[in-house]
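Asker: So the chains spell out like this:
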Amino acid sequence: MSLQGALLIAAALFAVGLYGVLSQQSFVMIMMGFELMVNGSLMATVALWLWAAGGNPKGQVLAIVIMTAMAIEAAMGFALVTTIYRTRKADITEKLRRLKQ
Amino acid sequence: MTARASAGWLTAVAARAEAPVFLARGIGTADADARLRASPRLRVLDSPRAAAVLVVAGCVPTELAEPLARVHDQMAHPRATVWWSGAGDSAPPVGWSHATIVGPRDDIEAAVVAAYRDVITGARCSEQTLLPDVDPAPWRGVGPYGHGGTGMTGGIPYGRPMAGRGDDRRDGLTLDVVLARIGPFFAHLPEGLVLEVTFAGDVVHDLTVKTPPVAGVDGLGARLPDDAVTATMAPDRAVPVAAIELARARQHLRWLARLLHLYGLDALARLVATKALSVPREPQELTALTRRLERCWALGWATRGVGVIDGVSAALWGGPVARAAGIPRDARANSPVYATLGFQPIVHANGDNCDRWRQRLAEAVQAIELAARAGTAVTEPGETIEPAAPPPPADFGDQLAALLIGTEWGDAVATIASLDPDVNAAGYLSKGATV
Amino acid sequence: MTATAWWGAIAGVGLAIIVGAYLVAVADRAIASVVAGEPMRSSILAGPARSVALGLVQSRTTTERPDGAAWALAPALYLGLAAAALAVVPLSETLLAADIENGLVLFGAAQALAVIPVFLNGWSPNSILPLIGAFRFIAQALSYEMPNLLALLSVSVPASSLSIHDIVASQHGLWNVVRLPLGLPLFLFAAASLAFWGPMNLPDGADLAGGTQAETSGLHLVAWRAGRAAMLVAAAAMGAAAFLGGWLGPGLPGWAWMVVKTLVLLVLLVGSRHVAARVRAERYVVISWAVLIPLALLNVMIAAVVAL
Amino acid sequence: MIETPLAVDVAFWFFGVASVVTAWLVFRTDSMVRASFYLLASFVNVGVVLLLMRAEYLSLILILMMAGEMAIMAVFMVMFMMNPAGLNPMNMVHQHRASVAGGVATFVALGAVGVFARFPDRPARPTGVTFALGQELLGESMLVFESAGAALLATMIAAIALASSRGRYGQADDGSDAPAFDPDRPFGDAPPRPVASKHEEQAGKEGADDMHDMRNMDHERMA
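Residue numbers (the working numbering), protein chains in the order written: chain A, 1 to 101; chain B, 1 to 435; chain C, 1 to 308; chain D, 1 to 223.
Only chain A is shown next, with the shape it has when bound in the complex (with noise of 0.2 angstroms):
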């Protein structure tokens, strides 16, 4: 257990979440690979705050707000795909090329 091994996890936690969403064409599946980024960066601020921040209770503050950042993206990440399926009826992107227009 070390910074090093934990902020190697995390970045691989972040690439696999960065494959996801690059590759996947499916929005709830995109969201899922945001989410594993967030996991990912989440994962390294605490390995920081363990090691590297001295304990400071700003660093957990730090991760707290990361992960309200994580429920606001799966909150609104919802409700945009609840409303463009209303709308577009779509669930996948390239469903999506109408957008442009």
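No lab work stands behind these hints: they were computed from the structure.
No false leads were slipped in.
Computed list of lysine to aspartate or glutamate pairs in DMTMM-like fashion (alpha-carbon distance at most 25 angstroms, straight line): (1) Lys58/A / Glu101/C; (2) Lys58/A / Glu3/D; (3) Lys58/A / Glu146/D; (4) Lys210/B / Glu196/B; (5) Lys58/A / Glu56/D; (6) Lys58/A / Glu136/D; (7) Lys58/A / Asp121/D; (8) Lys58/A / Glu140/D.
Model the placement of chains B, C and D on the given structure of chain A, informed by the hints.
Answerer: Just chains B, C and D now, kept in the frame of chain A:
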């Protein structure tokens, strides 16, 4: 202790448990549910999976033989069948030779317990599957990935179509729907009724009656052992009023037991089922029960405003359903003998599930009162007899669809149960009524 | 913690679950007998053991193309979550399986995760009625979780701590059931919902032919029912600790008070099955969101005012 | 540096690697429900790692929050996804190679930063973490905490406004068209109504039940 000895010890303990029973109701089985449910040595299950004894009650028409076999094959081992044929003269069809056969006047409880004990302890072999164990559709082989279907987002993989989105029934958000077939041995539907339901989540998105309830073939309905009244009931004969009214009370109480079970009140259901088996002769014996149910706010809360039937539809359903909706139509009101007994039809106003159970409970109490007062009075030959549960309307399927589409499945099941379109009970009681 | 303490804690929680689940089954039968007006039979005590024996004798069945791994995992996970929830509840001032700073949060997390096994148990058999039961439970869980967490939160405010030990200690002189009168009813509502017991039995109702357990038999079914009973036990123990003052009480030793209080709540929870009809799904959701969440918020505000 | 027992080290690597593996499985499985539960598993694994890293409160809150979110996620999948079951292979990806390259490059870059950058070595004290956090949240960082709350409230209102059926321009579903179910019609109209296939007539496999017979249905889409 060897493994064998410990297994013997285990089975000996298991054999003393309440026998888990799944009841497959055939024709002429108004009594079966209450008889099994009232017994402390049995446990009636809603699903055959965990049942050890399959009780086939009444006559099973040939078109239901295969579904019945499928229900049988779903049960876990060890399993046994008790064929409770009602009249006792109809042998089970080929393939059911292992089943215990019980006659109408035999002790069904003892037979089920014995079958359970034997099959658990190994004195009797667990029954083999009746149908071949094959997939309904091939699971590999077609399509670009060998997955059995065509197209990524549609097509018919494995021989069945993907779910489609149905029109919205609620708030403008169209969702996926799933088509399923419920019946013919679903515990809370009338015997033989098969519904094709399209579910959007918990909501009944669409509903069609695939097969109507099995109507009693002539004479079959009258085979119930304890319904002496039905045996004597004929249009050209005078029938004792007391017998009619006790049969009515019994029918209503049986129905109430099933409804209480549906709402999860199993202990009360057992109490009511016991009362249905030996209908009390004093109306006071039901006052405690009535008060308890009327005071059970949760039951009122769960049933009020659900499945409202009024106006023309209520008149079509007739009987207690119509009277619960405020239509005071009752053949007994025109009967001279009932007039001498001071009969007044009971009505309720709202026509919802709540008023329907209140209606039937009040009618059961009234029926016991009438029976006590009637003494030896008899109806006039040829007189119309009000059935306890009248036959369902001719456009049964349309009525159900109009009533249930858009409701939640729990409400839909409760509404069907509250209508009590018990074609068999209705069959014979109304046979006395017609002509 | 030493290795002995670990094993002791695990054994203690396991024993509490086995004994508690058995007591739930016995209480259920006893209350049913009272409601049905029957004499007390010997089967009330021995019946649950016989049913377990039947579960061991009976084979498991399978459906067409189930997700076997997830299906088998579901009851184990449910039992495990109940055990985790029970582990943070102290039996007496010194007797506690898992003494952590955030016991209340761990309890809440275990309860929140219970959605997963229930959903899996309904979804994995690949059959329509269990599936509907699974979806019903998600709707139910999303509705009860907020009142549940808010009710739990309210007891941490007067204690200024998330540790259950401190929460019990803070009730010296005045129990939370008096201080926060809305808390316990909200908590019990959520507890019955969590174990989908009695009036809250939406996912396993008779209208779904047993819902999430419609396709299960044998040992699986026994484990599933044990999990539900264990959830009830965990909730009753937590209710006793958080609202009824846990081990506090005159005369008797602390653990005895805790056991008595847990049993009282357990009988309340178990008995609800025999006196209240199943709530309609729609009404359940409306009540949870429109009535109980505001009440729970009010409860938290009362707690804040009391703590000032 | 923080000295930890071997058991904690082993647990750290076990759950850390498990979190990455389950995250990867999210995009590899062919069932939507499984995908969301793998995501939850990944979160729980991260939660355990946070627990090992002494952030007890954060770890438990993360698990608590994600349990609810994954439940919602599963519902959404089944609502919106046309192929949640993996009846047909779920290969719903685009620009796959670029994505893999992007992921790998990101991992290499971030990993390099994590491994080679020099961070100050100031480990946290092992106790009183939650208490300190509470003091901070309701003391110095009150403003941050309050903003998070306000942001969540705004999100709730915005989400409801977006998702409700009536927007400021009238009914949200005006002029919509149904999704494509027919592979030949990518923007097709109404889906074919599920019809009973011939297979229903065939003899049943044990386990496909008749009580609620649905063997001709498409329930596996939920698998």
